[in-house]
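Engineer: Single-letter residue listing:
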Amino acid sequence: MSGPYIPRDTDLQPEPAQTADVNLLHAIAQRDEAALASLYDRYRVILFGLLVRILGSREEAEDVLQEVFIQVWRRAGDFDEQRGKPFTWLVTLARSRAIDRLRQLSARERVVTASALESPPEASDAVADAFRAEQKEIVADALQQLPDEQRQLLLLAYFEGLTQSEIARRLGAPLGTVKTRMRSGMMKLRELLGDRVLRSV
Amino acid sequence: MSHEDYKEMLPLHALASLDLDEAMTLDQHLATCAECRAEMIQWQGTAGSLVFAADALEPSPEIRARVLEAVRSEARVNERDNVIPLRPRAVRSHQPAWPRALQLIAAVIILGLMVGVVLLWRQNQSAKLALTQLAEQLQQNKIQLERQQQALQVFSAPGARMMELAGTKEAPSAHATLAVDSKTRRAALMAEGLPPAPAGKAYQLWFIAGSKPMPGQVFKTDSSGKAMLMSDQMPAEAMTAATFAVTLEPQEGMPSPTGPMYLLTPG
Chain C
195 MSGPYIPRDT DLQPEPAQTA DVNLLHAIAQ RDEAALASLY DRYRVILFGL LVRILGSREE
255 AEDVLQEVFI QVWRRAGDFD EQRGKPFTWL VTLARSRAID RLRQLSARER VVTASALESP
315 PEASDAVADA FRAEQKEIVA DALQQLPDEQ RQLLLLAYFE GLTQSEIARR LGAPLGTVKT
375 RMRSGMMKLR ELLGDRVLRS V
Chain W
375 MSHEDYKEML PLHALASLDL DEAMTLDQHL ATCAECRAEM IQWQGTAGSL VFAADALEPS
435 PEIRARVLEA VRSEARVNER DNVIPLRPRA VRSHQPAWPR ALQLIAAVII LGLMVGVVLL
495 WRQNQSAKLA LTQLAEQLQQ NKIQLERQQQ ALQVFSAPGA RMMELAGTKE APSAHATLAV
555 DSKTRRAALM AEGLPPAPAG KAYQLWFIAG SKPMPGQVFK TDSSGKAMLM SDQMPAEAMT
615 AATFAVTLEP QEGMPSPTGP MYLLTPG
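Residue numbers (the numbering used here), protein chains in the order written: chain C, 195 to 395; chain W, 375 to 641.
Okay, chain W solo, but in the shape it has when bound (with noise of 0.2 Å):
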């Protein structure tokens, strides 16, 4: 369809008697014709200018009332429309704050540094345990280096008597050398050779006062068979005591001998 034809169309568009499609196709034409928009304007003018072949009439007097009442509540429920967005938001978005990757990604680190806290708290706790192990030792080590100094001070001491024990049928490799300083009381028993007591017993030293043996303390070999024993403030019999044994016996110590004896003075 032509521009001209468009044209001679707008006199029955602006009457409202164009049939719909012709409408529709004007008005499609009319949206991008400036010029059949201005004379759409003039014949819209003329078209209603047929208002006047219509007698005047005055309205109900309330016609007014009720459009006035009308355009009034629509205004109040546009006020009260415009107070919405100032509520708070009643639904909250069900999007996580965080991707679900990225929350098994944090949820994998907090799990890794707990396993860690706790490797670290375990080992630091047999780091502890092995400190305490090392200075329970260290004390032990220091104890026996303190009675060994003190056993080789017996052995060194000028005036002290020294006497060798031999091993009996029980032990006959076993071999042991005693001090004793009478000055100090002191007694120390170096020995070797001695099988490993067995458990819940121990070797314990005698001394011979007169006829009646009397108890002296109780020791325990090491692994080799060795042992050292260092004993202060020896009854003033055992000073001059001629005769030394060990025997086997429970590890809390007898009053008298009663197991097997493993070393003897010889005489």
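The shape of chain C in the complex, shown without the other chains (with noise of 0.2 Å):
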């Protein structure tokens, strides 16, 4: 996390993994059970990172992982590579189920973590191989050049599944400032991630 970030000449996912990710989608769809084994083996550690991330807890974000395991079991025929890559199907799914859970938690008992407002923290999982810690340092390079307002922003939304109008309510900011820097803040991460994000996340 030193330095500043120098393109490279690398993906954050390289094509046959993806060609690897759309035929394992396949073979789920016609209900081939060791190919969600495999796809749970490649993804488990970074999506399990992200739900413990949102919910705050091992034991909720286990419940969730199983759960979104089971919606791609199930909704594995309707993914059309026309319209994603499969990393970031399986992504989406994972992050809105987590932010419903999220939803529902916090209906009952509103606990509003500060983990989101902190800088993202140093990559220190030693489960992480080298491509995913390569991916990991890509990305927090770019964030680590956005202003702090639109990265704080970014992560509330991504992290808290926050809506426009409560992040604005939660920092007591105007709602067309708060629109504005997260609209800003994405547009420079899209660059600072440039090419490589937009071919393969």
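It is possible that some hints are incorrect.
Covered by chain W, per the in silico footprint, the following chain C stretches (three or more residues, Cβ under 8 Å) [as the list claims (entries may be wrong)]:
1) 257-263
2) 343-352
3) 369-377
Don't read these hints as lab results, they were simulated from the structure. It should be emphasised that the depicted structure is a prediction, and the values quoted were computed from it without experimental measurement. By construction, the Cβ of each residue, glycine as well, lies at the ideal position given by its N, Cα and C atoms.
Fit the two chains together into the complex; they arrive one by one in their own frames, and the hints show the way.
Structural biologist: Right, dumping it as structure tokens:
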């Protein structure tokens, strides 16, 4: 996490991995349990990290992780490669499940964690392989280059599932300002991640 | 809202941070705008990259087993569900096979046919009865005709003795002719002007041999008072008898005369 981000000729996700993901989803749609197991083995660590970050609880995150892969089993046939990458589809599914769960929990007991407002934690997980560590570094580097207020807004939105109005209330900021900063942050992030993100994730 | 307005909303939609009403409006636009859909996919990729901002973590090993067990039991349920259409249909349709109107028409037709069959049967029965009656009538006519022919044979037989019987005071206008053929021992009587015999009564022919009346046959008249009697195997005494008479007697006949005399040979 030191030094400026230097663009390299690497992708956040190599093409062979994407092709393999598409094939796995097709096999899962054909009721191939082994394919589901393969997809689980490939993404359980990154998805579980996301779920723990959103839910703030291993227990809840494990519940949702299980739900996510059952959904993958049921909905693999709906996946359309023309409308996005398998990885993006999987992450979007996991995140929206987690946010749904978060809202259910919040309705009973509004617990607002401050974690999302903090700076991105350092990559310290021993289980991450080198490839994932590299991706993590690329994204973390890009986020570091964003103005603080933009980065905070994006992380609040992404990991806490807050809408623009909720964020405005939370921060006591005008809605218009929140909208503008979020949009600016997303545009800057896309620019920093470059074509690699657009092609891959 | 313009196309450009929608395009500006796309990055926030990718973060799922639009308020509900804006998100629904944008979804409607996305359904009709291919350009925005393509750009939305790019924004989702950018938002998705934020997943790498979270620390990767290893879930408990049993989660994998739970996932696989869950989809296996789901597959079993699906297999069971797939069997359902093969079961025999438990509920039969309450809809009648024929519409009600057709059923009514069919019932009327069947009833009509049954009535027709009964009528034809009764008609057949009465036709049979009439036929039987006609046959009986024909048989009677045939018998009567045969008797008349036999009587005529007696009347026309060579050597036959002819006698006239005159009506008594009981029937002054009555008259009869008697023929006796001694060769064949047959006798024939043709009478007219006799009153109809009352119920249970009939006319009986007698002949006097010596001083004793001998019984002959019993006969009845038709509605016009005419009668024809044919009698074969007459006793030998009757062949030579000179006196013949007809009286009214019980219809089964009597051994000797008991009733009033209606016809008698003059003498």
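Engineer: None of the hints should be skipped; say for each whether it holds.
Structural biologist: Taking the hints in turn, this is what the structure says about them:
no.: 1; hint: 257-263; result: holds (count 3)
no.: 2; hint: 343-352; result: holds (count 4)
no.: 3; hint: 369-377; result: holds (count 3)
In the structure shown, no violation is registered for any of the earlier numbered hints.
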